[in-house]
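*Asks:* Each chain, letter by letter, is given below.
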Amino acid sequence: MSDPRSAEGVEAVPEYVVAHVHEALTTDPRVTEQSIEVAAVGRTIVLMGRVFSRDQCDAAALVARAQAPGYEIRNDLEVLDQPTPPGPPERLA
Amino acid sequence: MIRIAAVGDIHVGEDGDDALAADLAQLPECADVLLLAGDLTRHGTRAEAVELGRLLREVPVPVVAVLGNHDHHCDETGAVVEVLEAAGVTVLEGGTTVLEVDGTTLGVAGVKGFGGGFAGACASDFGEPEMKAFVRHTKDIAARLRTALATLDTDHRVALLHYSPVADTLRGEPPEIHPFLGSYLLAEAIDAAGADLVLHGHAHRGSERGTTPGGVRVRNVARPLIQGSFSLFELDPEVARR
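The listed protein sequences derive, respectively, from chains A and B. Mapped onto the numbering used here, the consecutive letters of the first sequence carry residue numbers 79 to 171. Mapped onto the numbering used here, the consecutive letters of the second sequence carry residue numbers 55 to 296.
In short, the hints are calculated from the structure, not lab data. Using N, Cα and C, we set each Cβ at its ideal position, and we do this for glycine too. Just so you know, not all the hints are guaranteed correct.
Take a look, some chain B residues computed to stay more than 10 Å from chain A by CB distance [what the hints assert, rightly or not]:
{"no.": "1", "residue": "A59"}
{"no.": "2", "residue": "E105"}
{"no.": "3", "residue": "D156"}
{"no.": "4", "residue": "G174"}
{"no.": "5", "residue": "E182"}
{"no.": "6", "residue": "L286"}
Partner residues are not named here, just some residues of chain A that face chain B (Cβ under 7 Å, in silico) [unchecked claim]:
{"no.": "7", "residue": "A90"}
{"no.": "8", "residue": "V91"}
{"no.": "9", "residue": "Y94"}
{"no.": "10", "residue": "V96"}
{"no.": "11", "residue": "H100"}
{"no.": "12", "residue": "R108"}
{"no.": "13", "residue": "S113"}
{"no.": "14", "residue": "P167"}
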């Protein structure tokens, strides 16, 4: 963990950076996605999970970058823009 | 045999969703009704609802929906419901609707649901006003769900929710956020009144199948989880209540 008394301040503590990125991904209208998993690996913020479009995926990286200055952003989000056909029906008997 | 197509968390924005529209246009071949388990829009605006209504108006089977937390975000739920109902969608919040398919009746009781958590790790109606309001919101919704299900005198009964009534279908989600994904109070209401099937969304990283403590099947149909435009269920007439 970074020393919160360092020049970077408490905002640079990875746990808080992750929390702020997650909050921004939930509330930013370009993303609005609560279920994106955010992790700090060293000085890299990793985004994981599924979003609905390429635009949403790209916006997630921009939002994360704005919230995590000094961190690299690794965008591992999966885009669900090509729905698969439904599987066979589940028969409930 | 009643055939149900169900999906939640479709999150339609102002740019619509052509892929979803194309899949839903095929529904009469495989389903008699479409049930939508909340989070129909991205932010709950009237403009998004207009696009959603344009899409759902073309669905060639009856459409029944509940709203989700996203649909509440911009505090325009009145407008969202108005637009959807004008498009022919039945929007439930503590209410019921009955459909008949080839002489068999399907009753749907719908609520948004809310959070609170599950046995052993849940919020209590105690302490600060904010905490009590949180838990009482879930209690109120659970009570309305129980009453709604109990009023249905149909061959089949389905509970349609956004939030989950069980932890089973949250497997895959971090346990720390389970209290924000559902509540045992919803399952308790369902088990008290009885149902053949519970459908919900909200938990994008959860699991598809679970059961209430009373044995009612629970299915998570969140679109990011099922990775398709809908899941299909067939209710066997052998399990009809009468």
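*Asks:* Would you mind marking each hint as holding or not holding in the structure?
*Replies:* Each hint tested on the structure:
1. A59: 8 Å, violated
2. E105: 14 Å, holds
3. D156: 16 Å, holds
4. G174: 24 Å, holds
5. E182: Label holds. Min Cβ-Cβ 22 Å, cutoff 10 Å.
6. L286: Nearest chain A Cβ is 4 Å from B:L286, so the label is violated.
7. A90: 23 Å, violated
8. V91: 19 Å, violated
9. Y94: 16 Å, violated
10. V96: 12 Å, violated
11. H100: 10 Å, violated
12. R108: 10 Å, violated
13. S113: At 4 Å from the nearest chain B Cβ, A:S113 passes the 7 Å test, so the hint holds.
14. P167: For A:P167, the interface hint holds, since the closest Cβ of chain B sits about 4 Å away, which is under 7 Å.
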